[in-house]
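Colleague: What follows is each chain in one-letter form.
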Amino acid sequence: MSIRVRNVSKRFGAFTALDDVSLEVEGGSLTALLGPSGSGKSTLLRIIAGLEVPDAGEILISGADATDLKPQKRNVGFVFQHYAAFKHMTVRDNIGFGLSVRKHPKAEIRNRVDELLRLVQLEAFGHRYPAQLSGGQRQRMALARALAPEPEVLLLDEPFGALDARVRAELREWLRQLHEEVHVTTIFVTHDQAEAMDVASQIAVMNNARIEQVGSPTTLYDEPLTEFVMQFVGEANRIGDRFVRPHDLEISLDPVTGGVETMVDRITQFGFDVRVELMPAAGDQLLVQLTRDRLDELELERGQIVWVTPANEHTFTARGAAVGAV
Amino acid sequence: MRRYALRFVALFYLAAILVAPLGIVFYRTFADGFRPAWEALSTPETIHAFKLTLLITVIAVPLNTVFGVVCALAIVRRRFPGKGLLNAFIDLPLALSPVVVGLSLFLLYGRTGWFGGFFERHDIQFLFALPAMVVATIFVSLPFVAREVVPMLREIGDEQEQAAKTLGASGWQTFWRITLPSIRWAVIYGVILTTARCLGEYGAVAVVSGRIQGETETATLRVEERYDSFDLAGAYAIAIVLALIAIAVLLAMTAIKPREEPA
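Chains as they are written, first to last, in the working numbering: chain A, 4 to 329; chain B, 54 to 316.
No wet-lab data here; the hints were simulated from the structure. Do not rely on the hints blindly, as some may be mistaken.
Unchecked claim - Some chain B residues flagged as far from chain A (calculated, every beta-carbon gap over 12 Å): (1) 58; (2) 63; (3) 80; (4) 83; (5) 95; (6) 123; (7) 149; (8) 156; (9) 160; (10) 184; (11) 200; (12) 215; (13) 265; (14) 273; (15) 293.
Said to hold, decoys possible - Quick list of the computed label-pair ranges, beta carbon to beta carbon: (16) 120/B / 124/A: 45 to 51 Å; (17) 132/B / 168/A: 35 to 41 Å; (18) 177/B / 130/A: 53 to 59 Å; (19) 299/B / 109/A: 41 to 47 Å; (20) 123/B / 17/A: 29 to 35 Å; (21) 19/A / 119/B: 37 to 43 Å; (22) 120/B / 76/A: 28 to 34 Å; (23) 120/B / 130/A: 35 to 41 Å; (24) 318/A / 234/B: 55 to 61 Å.
It should be emphasised that the depicted structure is a prediction, and the values quoted were computed from it without experimental measurement. Backbone N, C-alpha and C fix where the C-beta goes; we use that ideal spot for every residue, glycine too.
Hey, can you work out the whole structure from these sequences and the hints?
Modeller: Rendered as structure tokens:
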């Protein structure tokens with residue numbers, strides 16, 4: 004149930020969607036494809052599903068070459084951002100569709116649909132039409148529909164993108180639980196780094212038709228390999244050619260050697276978490292994260308002059324690759 | 054005030070162009086009571102003319118429905134060379150005068166035409182017989198189904214079809230279970246418009262039929278023939294039946310107008 008993507012390229016006219024992309028996804032894992040729009044993440048997902056044909060490279064599902072396999076034969080479940088609900092069918096018929104086209108016996112379909120309705124908590128909605136459901140319910144129905152034929156691989160294309168923030172957080176949590184129960188190899192596409200960090204055990208960060216880095220959420224945050232990953236995964240300050248995480252900046256009230264002289268511009272508190280925006284004489288604004296206790300200790304005020312030193316910094320070569328963290 | 058002026062213009066236009074002529078036909082037909090009208094309708098030639106019109110319609114509508122849906126799918130869902138040309142050619146029957154269509158069939162299938170020799174060798178009567186009339190009718194009623202279905206297919210997009218594929222549905226299953234139910238209203242509209250066009254066709258059929266009474270005379274041709282023979286009551290009576298069929302078709306269309314999906 005593992006997935007291997009080998010040297011896949013895809014162009015749409017003059018636009019390069021994927022440029023020699025390789026990726027390995029372990030069986031049973033939960034992987035996020037994270038990147039800005041136009042980075043190629045959805046195209047990669049659609050190629051794995053067989054909905055697009057790559058110009059070059061190959062796709063292996065469970066070790067077998069699936070590059071020329073039609074989507075019908077790949078045994079993948081696909082969930083679309085806008086649900087792709089079959090509008091003329093009830094929720095039950097939507098969920099049972101994958102079994103009914105495979106000519107499973109009616110009783111078996113009924114049982115499996117019941118089971119899935121319970122799993123996605125839509126027991127009471129089986130006889131409704133998709134138009135009578137909320138966005139979150141529709142997406143749960145779409146998930147149940149994709150899971151019904153027991154796919155080896157579950158692919159989700161920005162599954163929560165069209166939902167409001169509260170429902171999104173709920174479904175995110177729910178997807179993580181579902182994955183623990185069902186254990187199907189899952190890849191989902193998102194442009195939201197918090198979502199990727201929250202749900203996935205492995206993240207592939209994509210930018211400009213390439214994969215920049217693959218790793219666990221912690222690895223990506225602590226050891227970004229490129230400037231892009233540094234800035235896209237978590238927040239980052241830029242001091243000259245060095246990059247520093249907001250919590251790695253140390254504020255002192257007196258001048259320090261190697262420190263940057265700045266003026267306090269704004270202080271925001273989220274409960275115990277405090278964020279201070281600082282304006283250096285030259286260069287970009289700096290963001291510092293500290294605790295409430297530390298803020299009280301420093302007694303910072305707007306307009307005050309302070310010095311900051313990076314406790315831990317990252318530098319990258321001109322091409323964006325990591326030189327090393329200090 | 055302006056609102057009323059607009060309404061008045063619209064209603065007056067409708068009354069002058071549509072309602073008045075229709076009204077006068079009704080009036081003239083039944084001016085001497087129902088009897089003359091009934092007698093005109095029950096002559097064997099008239100009955101044959103109606104039967105012929107129905108037969109042609111029953112052959113042309115299903116063929117154009119299948120062709121229209123296939124064309125619409127090709128235009129919206131496929132990429133192929135010549136697609137723009139196909140898209141433009143489908144509208145040709147709307148732009149072309151039916152008389153020109155009839156004439157071109159005449160040239161094509163006539164004794165000296167490209168295909169004329171073939172039919173003659175195989176002893177098939179094409180011109181001045183049912184085949185030519187059917188072909189002419191198919192030609193003039195070709196665009197309606199495709200023209201209704203194309204925008205509908207664009208609107209529903211292809212995500213549902215892709216979802217069906219990832220769920221294991223074959224192309225055929227996807228068409229019958231996903232695509233067709235989604236476009237069914239457009240198809241029904243198209244069928245109704247096609248039917249109306251087939252029933253009312255005059256020009257192209259007039260050229261290729263030879264207008265042999267009791268043989269290749271359709272209802273519309275019969276109206277003209279009666280009129281030319283100074284049988285006004287007969288002409289009006291047949292015209293009335295055609296008008297009633299047209300009205301019934303329009304009413305049917307209004308009646309089934311998308312009551313939204315069980316929302």
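Colleague: Confirm or reject the statement that residue 58/B sits farther than 12 Å, beta carbon to beta carbon, from all of chain A.
Modeller: Holds, since 41 Å exceeds 12 Å.
Colleague: Hey, does residue 149/B actually stay past 12 Å from chain A on C-beta?
Modeller: The claim holds: residue 149/B sits with its nearest Cβ about 36 Å from chain A, beyond 12 Å.
Colleague: Using Cβ atoms and 12 Å as the threshold, tell me whether residue 265/B really stays out of contact range of chain A.
Modeller: The claim holds: residue 265/B sits with its nearest Cβ about 48 Å from chain A, beyond 12 Å.
Colleague: Given a hint of 37 to 43 Å, does the C-beta separation of residue 19/A and residue 119/B actually sit inside it?
Modeller: Since residue 19/A and residue 119/B have Cβ atoms about 41 Å apart, the given range 37 to 43 Å holds.
Colleague: Hint says 35 to 41 Å; check whether the CB-CB distance for residue 132/B and residue 168/A agrees.
Modeller: Because 39 Å falls inside the window, the suggested range holds.
Colleague: Is it true that residue 299/B and residue 109/A lie within 41 to 47 Å of each other by Cβ?
Modeller: Holds: the Cβ-Cβ distance is about 45 Å, inside 41 to 47 Å.
Colleague: Could you check that no beta carbon of chain A comes within 12 Å of the beta carbon of residue 200/B?
Modeller: Answer for residue 200/B: holds, closest chain A Cβ roughly 22 Å.
Colleague: Using Cβ atoms and 12 Å as the threshold, tell me whether residue 215/B really stays out of contact range of chain A.
Modeller: violated, 6 Å
Colleague: Is the distance from the Cβ of residue 123/B to the Cβ of residue 17/A consistent with 29 to 35 Å?
Modeller: Hint holds: Cβ distance 32 Å, inside 29 to 35 Å.
Colleague: When you take the CB atoms of residue 177/B and residue 130/A, is the distance between them in 53 to 59 Å?
Modeller: For residue 177/B and residue 130/A the Cβ distance comes to about 56 Å; the hint holds.
Colleague: Okay, residue 120/B versus residue 76/A on CB: inside 28 to 34 Å?
Modeller: holds, 31 Å
Colleague: With d taken as the least Cβ-Cβ distance between residue 273/B and chain A, does d exceed 12 Å?
Modeller: Given a closest Cβ separation of 38 Å, the condition holds.
In the structure shown, a violation is registered for the earlier hint numbered 12 alone.
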